[in-house]
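Peer 1: To convert, note that position 328 of the sequence shown is 345 in the numbering used here; the numbers rise steadily by one, no gaps.
Honestly, the hints are just simulated from the structure, not real lab data.
As the structure is a prediction and not an experimental result, all values here were calculated from the model.
A couple of the hints might just be wrong.
Beta-carbon label-pair distances, calculated as ranges [as the list claims (entries may be wrong)]:
no. : residue 1 : residue 2 : range
1   : G323      : A523      : 26 to 36 Å
2   : D417      : G326      : 17 to 27 Å
3   : E177      : E240      : 20 to 30 Å
4   : F107      : R259      : 18 to 28 Å
5   : G358      : G326      : 16 to 26 Å
6   : H598      : D473      : 45 to 55 Å
7   : T173      : R231      : 52 to 62 Å
8   : G326      : A635      : 22 to 32 Å
9   : R486      : W407      : 28 to 38 Å
10  : R175      : E299      : 39 to 49 Å
11  : V196      : A635      : 31 to 41 Å
12  : H598      : G260      : 16 to 26 Å
In the DSS-like style, the derived pairs of lysine-lysine whose C-alpha atoms are separated by at most 30 Å in a straight line are [stated by the list, open to error]:
no. : residue 1 : residue 2
13  : K210      : K103
14  : K591      : K103
15  : K528      : K591
16  : K528      : K445
17  : K520      : K591
18  : K445      : K520
Note that CB positions come from ideal geometry on N, CA and C, so glycine has one too.
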Amino acid sequence: MAEIPRREPGPGITGHGPGPGLPRYVPIADHGLIGDLRSVALVGSNGTIDWYCCPSFDDPSVFAAVLDAERGGCFDLAAAEAARTKQFYFPDTNVLITRFFTEDGVGEVQDFMPVTGVDGEAERHRLIRRVLCVRGTMPFRARVAPRFNYGADPHTVRTEGRVVLFESPRRALALTATVPLETEGPDVLAEFKLAEGESAVFALDQVGGDVAPRRCARTEAEEQFATTVAYWRRWLAQSRYRGRWREMVHRSALTLKLLTYAPTGAIVAAPTTSLPERLGGERNWDYRYVWVRDAAFAVYALLRLGFSGEAAAFMRFVTRHISPGDGKATGPLQIMYGIDGRTELPERELPHLEGHQGSAPVRVGNAAAGQLQLDIYGALIDSIYLYDRWAEPISSGQWDDVCALVDWVCENWDQPDEGVWETRGGRKNFLYSRLMCWVAVERAVRLANHRGLPADLPRWRRARDTIYRRIMDHGWSAERQAFVQCEDGDVLDAAVLMMPLAKFIAPTDPKWLSTLDALTEDLVSDSLVYRYDPGASPDGLSGEEGTFSICSFWYVEALTRAGRLDEARLAFEKMLTYANHLGLFAEEIGRTGEQQGNFPQAFTHLSLISAAYNLDRALG
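Go ahead and model the full structure; you've got the sequences and the hints to work with.
Peer 2: Take a look at the structure:
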């Protein structure tokens, strides 16, 4: 890890970086995830919570040491002496265990956020950290150093009985513990020693309004632990997957569930912002929003496993916030929305934060919300089609919305757009956008025929067939013997891996097999797949990026459907070696196998599920 010069803390902010000789940043992959279906926290393998937004995914951070080791804020809880650490999930749950091994004993921290629908308690967003000594004796230390509003807002610290209150202009947190706490400037410290069988509890709550500070005794923490474990196991028991890669598939499902926002049914693309796609580069984006494409694909993956409740909740989000009606236009749809359905997501930079390992800028909001991306129509209508097929029939009102969307696609499918990869180099005639417009119309035709629903089928079929011919005539490069990124071009793009997956072309069609070989030659590196070559196809941004993990799993699925099962299985098993110690993936994988980009990434986990499901079925 490159050494980054330490920055002096800003005015009014006390530094809380690691001690001398310790790395200032925990690598992206060295984290686990906990959450309460409203927000999440990233817990480093060293026991430090260094990312937490409260009360919701897209609210300003309370802890953000992953983006600035000094200014970001963290909740450090670890053995007080040198220790080896290991991390795992309590089986079949999203309860995270971090273990500390020293010469004198073994201890562990159990991190979880209770999932509750009880009025008032859900607004508490309680984060519980149980500390146990399981062998010998062990000293522990804790430092709670919140930095509100991405480290920009000051706060005060005061004690009321055995509750410590952190109060900023817009947010207040209450900390309780079963061990003595000491105040040091804007932070709270604790040092304590546990013998075998002894435990301590820390609980951090959002307070204010109708939510009053409340202690968390050891017995309550034990009860909440048991209740949270039972919740996750009860949820996971709905899975119908019994295949070869059950552990990885179920971890991906549990991760996708953590990325859902219970109050609205929204599904975020990732729970973090500005984790770099390349260290030192500018490709740092805020992913804490609902991408229509990502969420629709997530619905497909969850439906495959038998989780229809999440699909139903997202369909309600679509009906309320995305579909035409209430004066909303039929198109173009916005490509992303806030978790509450809002459409204004202004992008801005936070220059006071240095970025992960010095990778500036740190951004909040996302200007891509204003882009035109025609592929989202195919992803959305395909998810509606699958929901109708595998969960429950859509309503007459939902069908009216589908008809309005398809009519718009029939009129506008041939526009240039920014494409699936959200390039900032100008609009082009991307093949993938054409492909997914074809999917939008084709799935609507299927649904109308299956259900006997009213539709302008002659018009839809004409549009579907016209799009098909356009792709075959202008998306195929005779020189490259492959389908290419843009009409009449010669640059390859891994997005075309979706062609057989979307049932546009037979997976053994000679043109497709030739394309698969070309992609393997140009964009595949030891099973890892690059999206495209930015040098050959400028995207308006500087620097390189890693391989894109969703494309790697698409590649596995394309090999599977082409009948190349040995290659597919080897590529899939290789991809699994790039997961972190908990089975989690970021967006991309760097040259030496490191995780890059926002973490964990819904795109990666949903494509893992799809690849595992289809490969397992093909293997028999």
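Peer 1: Hint by hint, note whether the structure agrees.
Peer 2: Verification of the hints:
no., hint, result
1, G323 to A523: 26 to 36 Å, "29 Å, holds"
2, D417 to G326: 17 to 27 Å, "24 Å, holds"
3, E177 to E240: 20 to 30 Å, "24 Å, holds"
4, F107 to R259: 18 to 28 Å, "22 Å, holds"
5, G358 to G326: 16 to 26 Å, "19 Å, holds"
6, H598 to D473: 45 to 55 Å, "53 Å, holds"
7, T173 to R231: 52 to 62 Å, "20 Å, violated"
8, G326 to A635: 22 to 32 Å, "28 Å, holds"
9, R486 to W407: 28 to 38 Å, "31 Å, holds"
10, R175 to E299: 39 to 49 Å, "41 Å, holds"
11, V196 to A635: 31 to 41 Å, "55 Å, violated"
12, H598 to G260: 16 to 26 Å, "22 Å, holds"
13, K210 to K103, "20 Å, holds"
14, K591 to K103, "23 Å, holds"
15, K528 to K591, "27 Å, holds"
16, K528 to K445, "23 Å, holds"
17, K520 to K591, "26 Å, holds"
18, K445 to K520, "24 Å, holds"
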